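Asks: Next come the chains, spelled out residue by residue.
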Amino acid sequence: MDKKRLDFLVLLIISVLIITASASVYKYAFMEASPIGVETPYVRFVSGSDAASTIGNNGTYARIENMKGWPNATIVYEDALRIQNIDSNLHSCELMFDSWSGDTSYVNYIYVKIFDTVGGTQQNSTLSVTAQNSTGTFTIPATTTYYVQWEIKWNGNALSTHTVKVTLKLKVS
Amino acid sequence: MFKLATWLVPEFFLFLGIDFFIGLALLTCLMNYFGRVVPYLYEAAAVFGYINMLMSREFSTTFGEYMRFSYCFLYLALALANIVGINAYLLVSKKSWNAAKIFASCVSFPTILVSVFFFSLYGGEASHILTAVLLSSTIVLGIAIAFLVNPEKLKEYFKRR
Chain A
1 MDKKRLDFLV LLIISVLIIT ASASVYKYAF MEASPIGVET PYVRFVSGSD
51 AASTIGNNGT YARIENMKGW PNATIVYEDA LRIQNIDSNL HSCELMFDSW
101 SGDTSYVNYI YVKIFDTVGG TQQNSTLSVT AQNSTGTFTI PATTTYYVQW
151 EIKWNGNALS THTVKVTLKL KVS
Chain B
1 MFKLATWLVP EFFLFLGIDF FIGLALLTCL MNYFGRVVPY LYEAAAVFGY
51 INMLMSREFS TTFGEYMRFS YCFLYLALAL ANIVGINAYL LVSKKSWNAA
101 KIFASCVSFP TILVSVFFFS LYGGEASHIL TAVLLSSTIV LGIAIAFLVN
151 PEKLKEYFKR R
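In order, the protein sequences belong to chains A and B.
Here the numbering used here is used: the first residue of the first sequence is 1, the next is one more, and so on.
Here the numbering used here is used: the first residue of the second sequence is 1, the next is one more, and so on.
Treat the hints as calculated values from the structure; they're not laboratory data.
Everything numeric in this text was worked out from a predicted model, so none of it was measured.
Honestly, I wouldn't trust all of these hints.
[What the hints assert, rightly or not] Output of the computed footprint for chain B on chain A, the stretches with three or more beta carbons under 8 Å from beta carbons of chain B:
hint, stretch
1, 2-9
2, 17-30
[Stated by the list, open to error] Calculated lysine-lysine pairs in the BS3-like style (CA-CA distance at most 27 Å, straight line):
hint, chain 1, residue 1, chain 2, residue 2
3, A, Lys171, A, Lys113
4, A, Lys153, A, Lys169
5, B, Lys94, A, Lys171
6, A, Lys3, B, Lys94
7, A, Lys165, A, Lys153
8, A, Lys68, A, Lys169
9, A, Lys113, A, Lys169
10, A, Lys68, A, Lys165
11, A, Lys4, B, Lys95
Positions of the beta carbon are idealized from the N, C-alpha and C atoms, including for glycine.
Same shape as in the complex, but just chain A (with noise of 0.2 Å):
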């Protein structure tokens, strides 16, 4: 090999190495100079009539307290929470399942559904928390609320003692 092959090769492999850590770096750099800043939220939870709930700040956090099924029988709370888009852009969101516990072998169904008004048009398919699905994705138009209905179910067996908690959590974008 001649010298002048033997330079460009040595220059290539040099080069690869200073254009991959380089890229590395600037890599690096990018991240660190984008700033991530706060904004008020444009989707949020409100109280519904059918349930007490507890609401969060910036209401991105809601609890439904004292909700009750029977053995069973299905209880339906219609407007268990609401789902709120206060600005002026459409927003697409999922309810999604997120975790239960307590006694869920006594559950024979918890179904969530969201409607666009109480007891209006049922909005992408039935997240079942049983099955642990989500609810798909469903479009809630600007300045609109939607409505959160529970459907809840225990076996024939569930005694009143017996309780489960659910968290669900709600993909916005």
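Take the given structure of chain A and dock chain B to it, following the hints.
Replies: What follows is chain B alone, placed relative to chain A:
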């Protein structure tokens, strides 16, 4: 909601400069007009740019954006000056018209165009002026390349007029 990120950090110009220096190192190694040390000098310049980028990352909070932009842009300007310098060297010193015109159209012109484009993108509000500068520099470079392609015919054309 996803938005396209169109902003740039000043270190991008440093990255661009490093790439240009590396390109120069490889090109000068391949061309027969330069000594054996020249490509290694350009490679050293690229390494210097990399160290500069590391320093910039470490002290990004201490240095303001204006200062970061200043030294990053200076580095890029240095890389561009070297590209134009090599072009001039081929043209004036080596009297190699063919090499000069190929270098101008394949290296000098695209690198300046790319640099001005990103500079105008970084400029934001001042982008209108910079776009005008980009367009005029493109025209000037185009004319210059036309001269280089066939200078004799162009001289004849102007003489006739």
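Asks: Are 3 or more residues of the stretch 2-9 of chain A near chain B, judged by a Cβ distance of less than 8 Å?
Replies: Satisfied; 4 residues make the cut.
Asks: For lysine 153(A) and lysine 169(A), compute the direct alpha-carbon distance and say whether it is at most 27 Å.
Replies: At roughly 21 Å apart (the allowed maximum being 27 Å), lysine 169(A) and lysine 153(A) satisfy the hint.
Asks: Are the Cα atoms of lysine 165(A) and lysine 153(A) separated by 27 Å or less?
Replies: holds, 14 Å
Asks: Hint check: lysine 68(A) vs lysine 169(A), CA-CA at most 27 Å. Holds or violated?
Replies: Holds - the C-alpha atoms of lysine 169(A) and lysine 68(A) are around 21 Å apart, at most 27 Å.
Asks: For the pair we were handed, lysine 113(A) and lysine 169(A), check the Cα-Cα distance against 27 Å.
Replies: holds, 14 Å
Asks: Okay, the stretch 17-30 of chain A and chain B, do three or more residues pass the C-beta test at under 8 Å?
Replies: holds (count 10)
Asks: Holds or violated: lysine 3(A) with lysine 94(B), Cα cutoff 27 Å?
Replies: holds, 23 Å
Asks: Keeping to a limit of 27 Å between CA atoms, is the pair of lysine 171(A) and lysine 113(A) held or broken?
Replies: holds, 15 Å
Asks: Are the Cα atoms of lysine 94(B) and lysine 171(A) separated by 27 Å or less?
Replies: Status violated; Cα separation ~66 Å.
Asks: Is the hinted pair lysine 4(A) and lysine 95(B) satisfied, with a Cα-Cα distance of at most 27 Å?
Replies: holds, 23 Å
Asks: Has the given pair, lysine 68(A) with lysine 165(A), been kept, meaning a C-alpha gap of at most 27 Å?
Replies: holds, 11 Å
Violated hint: 5 only; the structure is consistent with all others.
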